[in-house]
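Just need the whole structure built from these sequences, with the hints factored in.
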Amino acid sequence: MSNSSKTTSPTTTTTSSTKAPDDVSIEISNVWKIFGDRADEALAAINERGLSKSEVLEEFNAVVGVADVSFNIKRGEIFCVMGLSGSGKSTLVRHFNRLLEPTAGKIVIDGVDVMSLGAKELRDFRNEKISMVFQNFALMPHRSVLDNVAMPLEIRNVNKNERLRRAAHMLKIVELDAWGNKYAHELSGGMQQRVGLARALAADPEVLLMDEPFSALDPLIRRQLQDEFIKLSAVLNKTTVFITHDLDEAVRVGDRIAIMRDGRLVQVGTAEDIVMNPADDYVADFVAGISRLKIVKAHAIMKPLQTYIQENGEIPENAPLVNEDASLSDLIQLAIDNEAPIVVQEGGKQVGVINRADILQTVIEGAETS
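Following the numbering used here, the numbering of the sequence shown begins with 21 at its first residue and continues without gaps.
By construction, these hints were calculated from the structure, which means they are not laboratory data.
Glycine included, every Cβ here is placed at the ideal spot set by N, Cα and C.
There could be a bad hint or two in this list.
[As the list claims (entries may be wrong)] Ranges of calculated distance between the beta carbons of each label pair, as one might list FRET restraints:
no.	residue 1	residue 2	range
1	E75	L119	47 to 57 Å
2	E75	D275	35 to 45 Å
3	P340	D224	12 to 22 Å
4	H162	N67	18 to 28 Å
5	I352	P161	45 to 55 Å
6	H189	E331	56 to 66 Å
7	K202	E78	49 to 59 Å
8	N257	N358	33 to 43 Å
9	I241	P161	18 to 28 Å
Okay, structure coming up:
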């Protein structure tokens, strides 16, 4: 296992920048978090002797919360971090803005080495570059809805007229512009969560951290807010780290999903990657209940065009055409309506072929794991 040097003290006054690929917003490298007075000793023992989580607890009275996690998040991506309770997902994400200090590792956000920030720089970074949306809304009961949304701008010393204008604009975006003068207790849970989202967005952050933001809501309201968030994200294009324990939510919301277990990263990929190629039995069990119909796309099950022709001969002229991102559900319907194989296109060029047997095999494999 890799072991980064001990993190810089938060009292440091210099800021370092790191050049990252243009499409990468967040870089997480070999991050460890061990809770306990002997955390450094425990980490050294893990690296030297390969101690398990239970052995670390027994020998050092220390708890491994995050274990050697590394990944990148693309700019504008919705990146879901998920796992069961105690998997380390919330612990990990709280390192991004240093609500928790890692025992070891490196965190770079938009070129800024977060671990190098001094106290004032860290406050400015949190205020200007990164915002959080909490599960429990965390609205101030003595403030109006409009003043709640404007609060990050007030902390930034934006003049009153400007901050109220921008807050009103964000309330309009989340379709609550008529509720600005109300108070939190006068709003439903779903409306309060939209206020929390508007507040996070009012400061125009580069990165949005969302800690199970919809989990306390009723299923119908939760689904509606998921849909609204997806539409909003398409417009605002914020890099978003979305924590959830609900795989259905991760599949609906996320561009990619990271699955954690016992503090470790088990697998990162698109929903299709994870459903079609689970990294281990744990992930396979995790995704067993997910329907493949909307997740699995044509490119994942097609045979290369030339391979199909070599094995089966020329493709019939009446063969239906689909794009590479056609869903399994679409393919099933085409197979019902047409006996000919289905030709897959990418950028207008024919690249693959799917027959009924391929579709049926994909459906059967999904049924066997559920």
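Here is what the structure says about each hint:
About 28 Å separates the C-beta atoms of E75 and L119, a value inconsistent with the hinted range of 47 to 57 Å. The hinted range of 35 to 45 Å is satisfied by E75 and D275, whose Cβ atoms lie roughly 37 Å apart. Taken as a hint, the range 12 to 22 Å is violated for the pair P340 and D224, whose Cβ atoms sit roughly 46 Å apart. Our hint of 18 to 28 Å for H162 and N67 is violated, since their Cβ atoms are close to 50 Å apart.
Roughly 51 Å separates the CB atoms of I352 and P161, a value that falls within the hinted 45 to 55 Å. In this structure the supplied range 56 to 66 Å holds for H189 paired with E331, their Cβ-Cβ distance being about 59 Å. Range check, K202 to E78: Cβ separation about 53 Å, and the 49 to 59 Å hint holds. For the pair N257 and N358, the supplied restraint of 33 to 43 Å holds, since their beta-carbon distance comes to about 39 Å.
The hinted range of 18 to 28 Å is satisfied by I241 and P161, whose Cβ atoms lie roughly 21 Å apart.
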